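Asker: Chain order of the listed sequences is B and W. Its first residue numbered 1, the first sequence is counted upward by one per residue in our numbering. Its first residue numbered 294, the second sequence is counted upward by one per residue in our numbering.
If you're looking for bench data, these hints aren't it; they were derived computationally from the structure. Small disclaimer: the values here were computed from a predicted structure and weren't measured. A hint or two may mislead.
Unchecked claim - Non-contacting residues of chain W with respect to chain B, defined by C-beta distances greater than 10 Å in every case (computed):
no.	residue
1	Gly335
2	Arg475
3	Ser622
4	Ala634
What the hints assert, rightly or not - Covered stretches of chain B (in silico footprint by chain W; criterion: 3 or more residues with CB under 8 Å from a CB of chain W, positions within the stretch not fixed):
no.	region
5	44-58
6	239-252
Virtual Cβ for every residue (Gly too), placed ideally from N, Cα, C.
Spelled out from the first residue to the last, the chains are:
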Amino acid sequence: MEKKVIFKGWALPLALLLPQLVITGIFFFWPAGQAVYQSFLREDAFGLSRQFVGFENFADVLSDPTWLDALWRTGFFSASVAFLALSVALFLAVQADKHIRGANAYKTLLIWPYAVAPAIAAVLWLFMFHPNIGLFGRMLNGMGIPWNYKLNGDQAMLLIILASAWKQVSYNFIFFLAGLQSIPRSVLEAAAIDGARPARRFWTVVFPLLSPTAFFLLVVNLVYAFFDTFGVIHALTQGGPGKATETLIYRVYTDGVMNLNLGSSAAQSVILMILVIALTMVQFRFIERKVHY
Amino acid sequence: MLRRTLGQAALAAAAAPLAAPALAQGGPVELQFWHGLAQPLGGILEGIANQFNESQRRFRIVSTFRGSYPETMVAAIAAFRAGTAPHIVQMFEVGTGTMMAAGRAIKPVHELLAETGVAINFDDYLPAVRGYYSLADGRMMAMPFNSSTAIVFYNKDMFRRAGLNPNEAPATWAELRAAATRLRAAGIEVPVTTAWPTWTQVEQFNAIHNTPLATLDNGFGGLNAELRVNNPVQVRHINTLMEMAREGTFRWGGRDGAGDAIFASGQAAIIFASSGARARFVREVPGGLANLGVAMLPYYNDVPGAPFNSIIGGAAFWAMNRGPNATRSADENRGIAEFYAFLAQPRIVAAWHTETGFLPVTRTAFEQVRATGFYTQNPGADIPIQQLLRGGGQMTGNTRGIRLGGFVEIRTIMQEEMERALQGQQTAQQAMDNSVQRGNVVLRNFERANRA
């Protein structure tokens with residue numbers, strides 16, 4: 001049964017909506033509009049001379065081999081982060097769902113990392129894995145494993161994937177745990193009576209019932225890896241060594257803020273904006289229908 | 294940070310209409326001054342600004358720390374676009390090319406002095422410093438203040454352990470490699486490392502060997518300069534570093550100033566660093582001042598004429614207009630000029646130099662400090678200035694300095710390519726060729742944006 005409230009006249013609903021609309025307008029539409037406008041311009045750092053160049057900035061970005069490299073790198077990075085964060089969280093959630101002593105303490109501890117800001121999380125990892133001052137970094141070198149993520153691109157990539165995924169495990173854990181707890185006991189018991197072992201019960205009963213949650217989390221994790229890992233990368237590697245850990249979002253920052261190349265940076269932001277819109281549409285299309293909370 | 298910016302924007306907006314009446318009532322004219330020096334240097338700098346405030350009553354310098362050099366640069370440029378630029382901003386040497394080309398965003402020193410009648414004797418400034426911040430015809434664009442140069446610091450105790458003479462640092466790269474091999478054999482974890490890798494191993498390196506970093510006298514001759522870091526001497530040197538890295542005698546310390554920490558913690562025996570790092574090393578390196586050796590940059594003795602003078606780094610002060618469509622009042626300009634004249638006094642220059650390890654930027658100050666016996670009590674403190682005068686003080690187009698637009702980005706590019714070379718993904722020649730190719734794109738974009 002749905003309840004409908006009908007306002008008399010326009011003044012009150014408008015007044016109630018206004019704060020939200022103003023905030024969206026000022027903090028989203030205005031800057032986004034500026035980015036779109038700037039992506040068609042080429043100007044000096046101080047904004048003293050500007051020239052309309054049409055789609056030249058976009059053409060430059062899309063034909064720049066280093067940008068295309070960054071695109072593939074971002075794809076690999078995001079997929080790795082999402083896979084790692086989801087699989088670890090699922091494993092932990094399944095374990096936490098069992099009847100174990102101190103389950104509540106265990107759950108609380110697992111949720112904590114989510115409250116840590118990405119930059120601070122990165123600093124924690126820095127202090128662990130820095131080749132010269134990090135505890136594990138020095139230990140690895142001491143054991144004869146040449147660990148130096150400041151110079152080894154693969155190690156740097158591994159480190160930011162681990163740090164980013166670690167940060168996201170807690171979030172996924174909460175959702176998976178909620179998903180597991182909503183699976184009816186009777187279904188599992190029926191499967192058990194039919195002789196299905198735990199592993200088989202998990203893959204044929206639990207996992208399919210969890211799939212809407214997993215799909216929702218996949219999209220959220222991909223968006224996280226695309227856009228929210230700036231702090232981790234900035235604190236740990238600054239996109240280096242070489243360009244080994246430069247993702248698209250980090251590149252927008254370097255080109256715009258550090259290199260003051262606003263036209264190119266704006267064009268890259270617009271491309272990213274199109275990507276987010278596409279991801280959001282996917283989410284609305286498939287997930288709104290399937291997820292049951 | 295956003296909140297601080299907004300707050301300041303609001304303050305500046307509120308203060309602007311009030312400034313004129315305030316003066317009529319006899320209050321001081323406030324001058325915003327943004328700098329990029331963390332503690333302890335920032336505190337010493339603000340102390341100097343306070344001395345100026347106490348020395349007169351017409352003007353008041355309001356100092357604000359705006360983060361690292363690049364952050365300060367970005368903040369000042371953003372503020373200018375919003376019409377709330379500071380009166381004076383401290384800009385690191387890498388931003389010089391960008392500021393020179395900034396047109397009406399900046400107020401050149403020579404204009405300030407001509408309009409206000411305040412006099413500063415720039416002939417007294419060291420040629421390397423003066424040349425860096427002046428136009429080809431000698432007119433000064435910025436006010437030099439905290440200039441440094443790259444030098445070698447070494448750990449005397451580690452030299453002793455390796456059986457090397459602790460009072461004599463290697464003068465050439467051949468000697469340095471031999472010393473590094475012995476340090477390595479003596480079990481030193483990091484025989485050689487560097488801070489500011491492109492500054493010490495590319496920019497300074499080309500200057501002391503009189504090889505071109507870029508055409509047109511490293512960009513002093515115009516915006517259409519092209520990089521030349523793939524010259525044979527430079528490629529040979531990158532190759533040396535790659536070989537040393539393979540032998541375990543050279544460790545890449547990370548980009549920008551990151552390498553400092555490896556030496557400060559007592560892990561590295563030799564580091565290439567800014568002379569301004571002296572204060573930190575004296576405090577942090579185990580053994581302190583007695584253990585800290587200072588030497589000039591090594592060179593390849595088969596390169597004709599080497600060593601030439603090194604070039605400067607550090608920062609200078611730039612006067613800015615308030616925004617794209619706003620200039621300063623005559624009073625504000627007068628205040629900036631008088632602050633500059635205050636900074637040029639020998640006692641201020643000398644105090645800054647002895648407290649921090651930055652260069653004494655004027656000859657008079659240098660002579661004053663020498664007369665006090667400071668250099669005999671602090672051996673090595675005069676190495677930077679001697680190195681700047683090396684080669685008989687005859688500067689060439691390659692040793693005058695660097696004036697390239699977008700140089701912050703070019704530095705990043707060179708660091709990326711060096712990192713890839715040291716990982717073994719490309720040869721020294723490829724690394725430098727790629728640097729030239731990618732760096733030239735930056736130079737052409739800058740030329741185009743600033744010519745339109």
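Asker: Confirm or reject each hint.
Answerer: Verification of the supplied hints:
no. : hint    : result
1   : Gly335  : holds, 22 Å
2   : Arg475  : holds, 22 Å
3   : Ser622  : holds, 21 Å
4   : Ala634  : holds, 27 Å
5   : 44-58   : holds (count 8)
6   : 239-252 : holds (count 4)
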